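Taking the hints into account, I'd like the entire structure generated from these sequences.
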Amino acid sequence: MSDWSLSSAEIEALRLSVRIATWSTVASLPLAALAAYVLARYHFWGKELLNGLLHMPLVLPPVVTGYLLLLLLGRRGLVGAWLEQTFGLVFAFRWTGAVVAAAVVAFPLMVRPIRLSLEAIDRRLESAANTLGANRWWTWFTVTLPLSLPGMVVGAILGFTRSLGEFGATITFVSNIPGETQTLSLAVHSALQVPGGEPGAMRLTVIIVLVTIVALVASEMLGRYVARRTQGYGA
Amino acid sequence: MLEVDVKRRLGNLSIEARFSSDQGVTALFGRSGAGKTSIVNMVSGLLRPDEGHIEVDGHVLFDSAAGVDLPPWKRRVGYVFQEGRLFPHLTVRSNLLYGWRFVPAAERYLALDQIVALLDLGALLRRRPRSLSGGEKQRVAVGRALLSNPRALLMDEPLASLDVLMKREILPYLERLDNMGIPILYVSHSLDEVSRLARNLVLLSAGRVTRSGATDEILSQLELWSPEDETETGTMLATRVSRHDAEAGLTHLDFRGGELRVPLVDIPEGVAVRVWIRARDVGVATEPPRGLSLRNVLKGTLVEIGGDDNTRAVTELRLRIGNATLTSLVTRQAVRELALTQGQDVYALIKSANLDRRQLSLVAAMAGEGGKPRP
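Protein sequence lines correspond, in order, to chains C and F.
Per my numbering, residue 1 is the first one in the first sequence, and the count goes up by one each step.
Per my numbering, residue 1 is the first one in the second sequence, and the count goes up by one each step.
These are calculated hints, taken from the structure and not from any lab test.
As the structure is a computational prediction, the values presented were derived from the model and not from experiment.
C-beta atoms are modelled at their ideal positions from N, C-alpha and C, and glycine is treated no differently.
Hints are not guaranteed to be accurate.
As the list claims (entries may be wrong) - Some chain C residues flagged as far from chain F (calculated, every beta-carbon gap over 12 Å):
1) E84
2) E198
3) V211
Said to hold, decoys possible - Just some of the chain F residues that point at chain C, by a computed CB distance under 7 Å:
4) L46
5) R48
6) P72
7) W73
8) Y79
9) G99
10) S148
11) N149
12) Y173
13) Y347
Right, here's the structure in full:
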């Protein structure tokens, strides 16, 4: 076997990474859009606190984020125990837990561009929609959402790439279980722990670099396309 | 029928306006800051009155006493904004149909094809707002508002952001709106637009309605500021082209009170035109003048003499000619030496050469259909 062909474990890690990053992005995009909308449009008591909380994963050491998740969502954690009892839902040491860890860490990166593009929308267009008969929901779906699409796209790609590279929070929260929670970054880490693992680490690193480049280029092209469609509104 | 009776405080401005508007275009006319836009915003539901009552065709949109305050999307009131506000992410066609789909099928009285024909939008349908000229944008905005099949239409200075050429291009389209069968409130501070488009006029000053009624009547009785220069006062006369005297190079304009002669203009006989007469172009004589080069001499009554303000050399006289009122700017010295008194018969002298050619060309444009002034 040449140095450049992937082992089945490595292929598994790649598939797992993409799956986790995809779910992380899909699940947190609506929430990120909601948070961005609330932050962009409403003024309320405790707004700064909420803003700070949402941005915390950006500044906290990922290990700490992972540990907090473990405390909160572990099988004996405050929320985790309740989730398991009521819904039979377990995050600890499962790939779903890795999705949660990635989503939490990527969340602030998704909120920011969406918030910026929401703030750039000319709100007079929304009142125009209102006078044409569109209620709040219709206005949101036919005016606000399409005009904030550039921000949504950028947010989604940033979230996806950040999720793809997640390491600290994931290894702390859901450990490093091959086939379940061992993503590409964790696999690189594992490979480096064993003697002679460096060629494997190198292969995985190349994959990560390639996937990241593809994602960033796609983001740039998609972002430009969407911005053109919406005529320069938003990020 | 649109009935508006609203009160609202906005900073230093206190709006207290009550008027109604039947079918056709009613202009809300006044200087900037008079509260015109705030009033239409209250009608549309974008601004909440402190108290009052608004209804269209018997549908109550707002009533503070009854606790009614419909949101904008339930009011069925179309709104054409000063800046168009077309949706940049939609094609012209989708923009036009945006409000249309919210109207119950049974209540639609206008369809896309009609509006496209009315406003000449066929060539624009596939384009996006960014590629349109200012005038085209406003035409689409008008079409979009109309296609929401509203019970009333509001237009907030839709031409204010356009240059003179674009205004000329779009005005003929706006003229067609008068017979849409719904009340249209047209906000403007441009005398030109108002005199051309509006059937009725509501004059606003500092949030209050100072006068309202038929446009011709109000404009010909009122001292107004000039369309071009707000410091210039004068009168707008509603006239009709009675005949052309090609040999003398004069066109005769009839109005209730007399006849004006102006340099030949290429407007068909019988067409109604409005003529702007500057106060300083009107002189006064106490006897029928003789040996005079002026061709426009009108007999009337002196109804008002302006204040005897020591700091000004001039004062204003109001002359009633038939049912029209002319304003004349004369020196205070002339008032004393001619011993002018209220109620006396006078002759108004209007220099025909001084009937502003630019105004005439506007008037000619107003007459539409190829009415261009002769070079």
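The hints, checked one at a time:
1. E84: Check passes; 45 Å lies beyond 12 Å.
2. E198: Check passes; 50 Å lies beyond 12 Å.
3. V211: 31 Å, holds
4. L46: 5 Å, holds
5. R48: Not OK, violated: F/R48 not within 7 Å of chain C, min 13 Å.
6. P72: With a closest approach of 4 Å, the F/P72 hint holds.
7. W73: Result: holds, 5 Å to nearest chain C Cβ.
8. Y79: Check passed: Cβ of F/Y79 comes within 4 Å of chain C, closer than 7 Å.
9. G99: Check passed: Cβ of F/G99 comes within 3 Å of chain C, closer than 7 Å.
10. S148: Interface hint status for F/S148: holds (5 Å vs cutoff 7 Å).
11. N149: Violated, about 9 Å.
12. Y173: 20 Å, violated
13. Y347: 53 Å, violated
Checked against the numbered hints given earlier, the structure breaks hints 5, 11, 12 and 13 and satisfies all the rest.
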